[in-house]
Amino acid sequence: MTLRVLTVDDSRTILAMLRHTLSNAGFEVLQAEDGQQGLDLLKSESVDVVITDINMPVMDGIEFIRNVRASGQHQSLPILILTTETSQDKREEGKAAGGTGWIVKPFDPEKLISVIHRVVH
Amino acid sequence: MSELDDFKATYFDECSELLTELEEQFAAIEAGERDANRLNAVFRAIHSIKGGAGAFGFSDLVGFAHAYETLLDYVRDGRVELTDDVVTLCIRANDIVSDHVAAARTGEALPADYGQEEKARFEALARGEAAEDDGPPIEEFDIEFTPVMVDLGLDGDAPAEDDDCFEESPMAGCEAGQWEIRFTPHRELYARANDPLLLLRELAALGTLQIKPVIGDIPHLAEFDPFAVYCSWEITLNAPNTTEASIREVFEFVEGDCDIAIVQLGAGTAGEARPAGENAPAREDDEDDAFEEAPSLSFSELAATITPTRVATPSAPPAVVAPKPMAAATGESEDGRGGGVQSIRVDLDKVDRVVNMVGELVITQSMLTQQMDETLRARYTELVRGLEVLAQTTRGLQDSVMAIRAQPVKSVFSRMPRLVRELAQKTGKKIKLETIGESTEIDKTVIEQLSDPLTHMIRNSADHGIESPELRLQRGKPETGTIRLSAEQAGGNILIIVEDDGGGINRERVLQVARDKGVVAPDATPTDEQIDQLIFAPGFSTADKVSDLSGRGVGMDVVLSNIKKIGGSVHVRSWTGKGTRMTLRLPLTLAVLDVMLVKVGINPYVVPLSSIVETIQCSRAAFERVPSGGQVMQVRGEYVQVIDLAARFSLTSDTDEGNRFVVLCEGEGATKVALVVDDIIGQQQVVIKSLEENFERVDGIAGGTILGDGNVALIVDVQGLRTPAVHKSAA
Numbered sequence: 000m001t002l003r004v005l006t007v008d009d010s011r012t013i014l015a016m017l018r019h020t021l022s023n024a025g026f027e028v029l030q031a032e033d034g035q036q037g038l039d040l041l042k043s044e045s046v047d048v049v050i051t052d053i054n055m056p057v058m059d060g061i062e063f064i065r066n067v068r069a070s071g072q073h074q075s076l077p078i079l080i081l082t083t084e085t086s087q088d089k090r091e092e093g094k095a096a097g098g099t100g101w102i103v104k105p106f107d108p109e110k111l112i113s114v115i116h117r118v119v120h
Numbered sequence: 000m001s002e003l004d005d006f007k008a009t010y011f012d013e014c015s016e017l018l019t020e021l022e023e024q025f026a027a028i029e030a031g032e033r034d035a036n037r038l039n040a041v042f043r044a045i046h047s048i049k050g051g052a053g054a055f056g057f058s059d060l061v062g063f064a065h066a067y068e069t070l071l072d073y074v075r076d077g078r079v080e081l082t083d084d085v086v087t088l089c090i091r092a093n094d095i096v097s098d099h100v101a102a103a104r105t106g107e108a109l110p111a112d113y114g115q116e117e118k119a120r121f122e123a124l125a126r127g128e129a130a131e132d133d134g135p136p137i138e139e140f141d142i143e144f145t146p147v148m149v150d151l152g153l154d155g156d157a158p159a160e161d162d163d164c165f166e167e168s169p170m171a172g173c174e175a176g177q178w179e180i181r182f183t184p185h186r187e188l189y190a191r192a193n194d195p196l197l198l199l200r201e202l203a204a205l206g207t208l209q210i211k212p213v214i215g216d217i218p219h220l221a222e223f224d225p226f227a228v229y230c231s232w233e234i235t236l237n238a239p240n241t242t243e244a245s246i247r248e249v250f251e252f253v254e255g256d257c258d259i260a261i262v263q264l265g266a267g268t269a270g271e272a273r274p275a276g277e278n279a280p281a282r283e284d285d286e287d288d289a290f291e292e293a294p295s296l297s298f299s300e301l302a303a304t305i306t307p308t309r310v311a312t313p314s315a316p317p318a319v320v321a322p323k324p325m326a327a328a329t330g331e332s333e334d335g336r337g338g339g340v341q342s343i344r345v346d347l348d349k350v351d352r353v354v355n356m357v358g359e360l361v362i363t364q365s366m367l368t369q370q371m372d373e374t375l376r377a378r379y380t381e382l383v384r385g386l387e388v389l390a391q392t393t394r395g396l397q398d399s400v401m402a403i404r405a406q407p408v409k410s411v412f413s414r415m416p417r418l419v420r421e422l423a424q425k426t427g428k429k430i431k432l433e434t435i436g437e438s439t440e441i442d443k444t445v446i447e448q449l450s451d452p453l454t455h456m457i458r459n460s461a462d463h464g465i466e467s468p469e470l471r472l473q474r475g476k477p478e479t480g481t482i483r484l485s486a487e488q489a490g491g492n493i494l495i496i497v498e499d500d501g502g503g504i505n506r507e508r509v510l511q512v513a514r515d516k517g518v519v520a521p522d523a524t525p526t527d528e529q530i531d532q533l534i535f536a537p538g539f540s541t542a543d544k545v546s547d548l549s550g551r552g553v554g555m556d557v558v559l560s561n562i563k564k565i566g567g568s569v570h571v572r573s574w575t576g577k578g579t580r581m582t583l584r585l586p587l588t589l590a591v592l593d594v595m596l597v598k599v600g601i602n603p604y605v606v607p608l609s610s611i612v613e614t615i616q617c618s619r620a621a622f623e624r625v626p627s628g629g630q631v632m633q634v635r636g637e638y639v640q641v642i643d644l645a646a647r648f649s650l651t652s653d654t655d656e657g658n659r660f661v662v663l664c665e666g667e668g669a670t671k672v673a674l675v676v677d678d679i680i681g682q683q684q685v686v687i688k689s690l691e692e693n694f695e696r697v698d699g700i701a702g703g704t705i706l707g708d709g710n711v712a713l714i715v716d717v718q719g720l721r722t723p724a725v726h727k728s729a730a
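Protein chains in written order, with numbering that gives the first Met the number 0: chain E, 0 to 120; chain L, 0 to 730.
Keep in mind that the hints were calculated from the coordinates and are not lab data. The beta-carbon is built from N, C-alpha and C at its ideal position, and this holds for glycine as well. Be a bit skeptical, because a hint or two may be false.
What the hints assert, rightly or not - If we take Cβ atoms under 10 Å as the criterion, some of the chain L residues that face chain E in the derived model are: (1) 11; (2) 36; (3) 51; (4) 54; (5) 187; (6) 194; (7) 197; (8) 251; (9) 253; (10) 344.
To be verified - List of simulated lysine-lysine pairs, DSS-like, C-alpha gap at most 30 Å: (11) L:577 / L:429; (12) L:349 / L:443; (13) L:409 / L:429; (14) E:89 / L:7; (15) E:110 / L:7; (16) L:443 / L:563.
Construct the complete structure from the given sequences, taking the supplied hints into account.
This is the structure:
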């Protein structure tokens, strides 16, 4: 079964790199450029895991995660936070909002895949 | 292009957008709009630039952006006040980021200490505040940006990394060993979609596992809380090479969402898979009877154990089972996805290929039309109609394709407010900038070439045009000078106008300098307009010293040559004491030109249609000789210089004088010139081919083109033809 990943990031560079890495690893990749787009996509698409940036316009990653969890449909959907922060703050904030784990940018492809496999079957 | 190059191209594209956004945001911030949205947007822009830079290993850029980003973060949460000084520093930092990006793009190295001063100031600002707050100090940036992630050792024999040793507790040596792990998830662990099975699977990658579920007091069904956690696990891990740090990393995501106890059982009995229940050593928290009694489970049995637990948790409400019908019910399965996406990104190369092919199509189409002589026209009316439709469609296609390349001038204009601000600062003058017509669209290539000339012109206005506040007051003008930057479309051209309300060009001085430098012959008496135009002459600069504003060692001639390069022209007009207006006339597109085809001698020449005012038969024109030997003609009371193209290009004309034509052209600033040609052939569109690129620069010729019949025709440079004549008359 092909796993579907929703990637949410306002940087086209990061989206492109995620798509490349994930597609090569056999994932099906959906893209959204901010939290709102991500939420909208989740209304119509079922995905196995979400990777989201924190700093985004319109709706940031924290708000996005909160909304996903509050929607009542996606409590068991693993959500990974993409973060360049070396500090704990953002991770804690993301976790408090309902984030499952995090990926530190820049990611190397192998680690990205392995982190995904940490949170998804 | 490799994939990495593709990503880089995307990244640099994105960077230039982000840098433009930064300029815009800071222009507003500088104007006093310091709301949270702007600060967030600025932070995001730098954050994105840094994020991508990290991915490509542009460590200098990452390092600088990190310090900048940290400061912005502090600014937006109020820890650092956004004073004017900080704004100025940020604006300077945008330049540095931009230079770093440019250096990363070209691979050129910047000086090692480039931007270090600003970086240090960022760090000092951030540190200063953090110290006062007693908050955590800003961490020293790790240039390697090593992700803190566990090596899962997917091949199964996860070697512990030496680096991990430093994090270990004293009891967990690097040597081989057996571990007892007690893992009790809290309900939050499930609420965040973590899955114990996956954690245990990951743990299994470190070594051999024995796992026992500890089923706590499961209440009667009536009291059963579906969101409560009733299960924990006792794990024995036989992993000779692992460390406590590696084990903790497995539980990295769930730290705080579970109780985890890790105990090392002394030196390793490597490879010996010992049932944990059989010989459990004494442990500090060995109060749980279930540990002894529970049978050990295989990994697959464990999975079976876990599955019901998960179902009982809040993580799996029924809704999740059928997400698709739910989505269908919301009725926006398609709309939700497609909404908001109204543009696509296309490689510029691809667009250019289309542009070129359309150009060729235009040529072919005009060739076909030319082939239709009167006899054919009479005979094949259907074909003629078809050709007319083809011509129309081709024209429409061409316009549409050109529209793809067009971009609003806003991207260039948006860089100017801060330039003016800097200029005002450095000159001590008070200057405000007004921009008009930012949404006017021009060909992308033209836009890219516009930044430098425009910068130069605005510098010139600020430096030489606008007077000091004292002088302005003295002259009865408002203290603050105004530079107006506007863009508008005028026919087939775009006009970019830089206007100031300063003192105007000091013509005496300009003429003096021009004479001193030999730009103008000592005895020549150029008109005011010609004097104004002299500021664009090569090697001309009236600045007493090379100021670091307008100067940079080059004069306004650079503006002229840059603009000429993109097929445009510059005209300056000045009113003493009132101000100066510089007008850039740019072609809408670079690729295709509407021209009039004329004959000079036996050769076809083309004259850009946009510069032609009218055509007159020579028999009706009244030429007059002037003492210098040239010719002029009178057009509605105005004397116009006459240039015989045959003579100018040293060709012999066999046509009778009376049968020749005058093509009256308008050059810059409504200055007219009358070109005498042998015949007028007709109008058409041509694709411009650069003469400089394919041959060499020729005065009076703007380029070449291939006509429908395959012949080459040269494009007459109306302005260029006129210029040497001015010098001649002045000499």
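Hint by hint, here is what the structure shows:
no. : hint          : verdict
1   : 11            : 9 Å, holds
2   : 36            : 9 Å, holds
3   : 51            : 4 Å, holds
4   : 54            : 4 Å, holds
5   : 187           : 9 Å, holds
6   : 194           : 7 Å, holds
7   : 197           : 6 Å, holds
8   : 251           : 7 Å, holds
9   : 253           : 8 Å, holds
10  : 344           : 8 Å, holds
11  : L:577 / L:429 : 16 Å, holds
12  : L:349 / L:443 : 14 Å, holds
13  : L:409 / L:429 : 24 Å, holds
14  : E:89 / L:7    : 27 Å, holds
15  : E:110 / L:7   : 21 Å, holds
16  : L:443 / L:563 : 16 Å, holds
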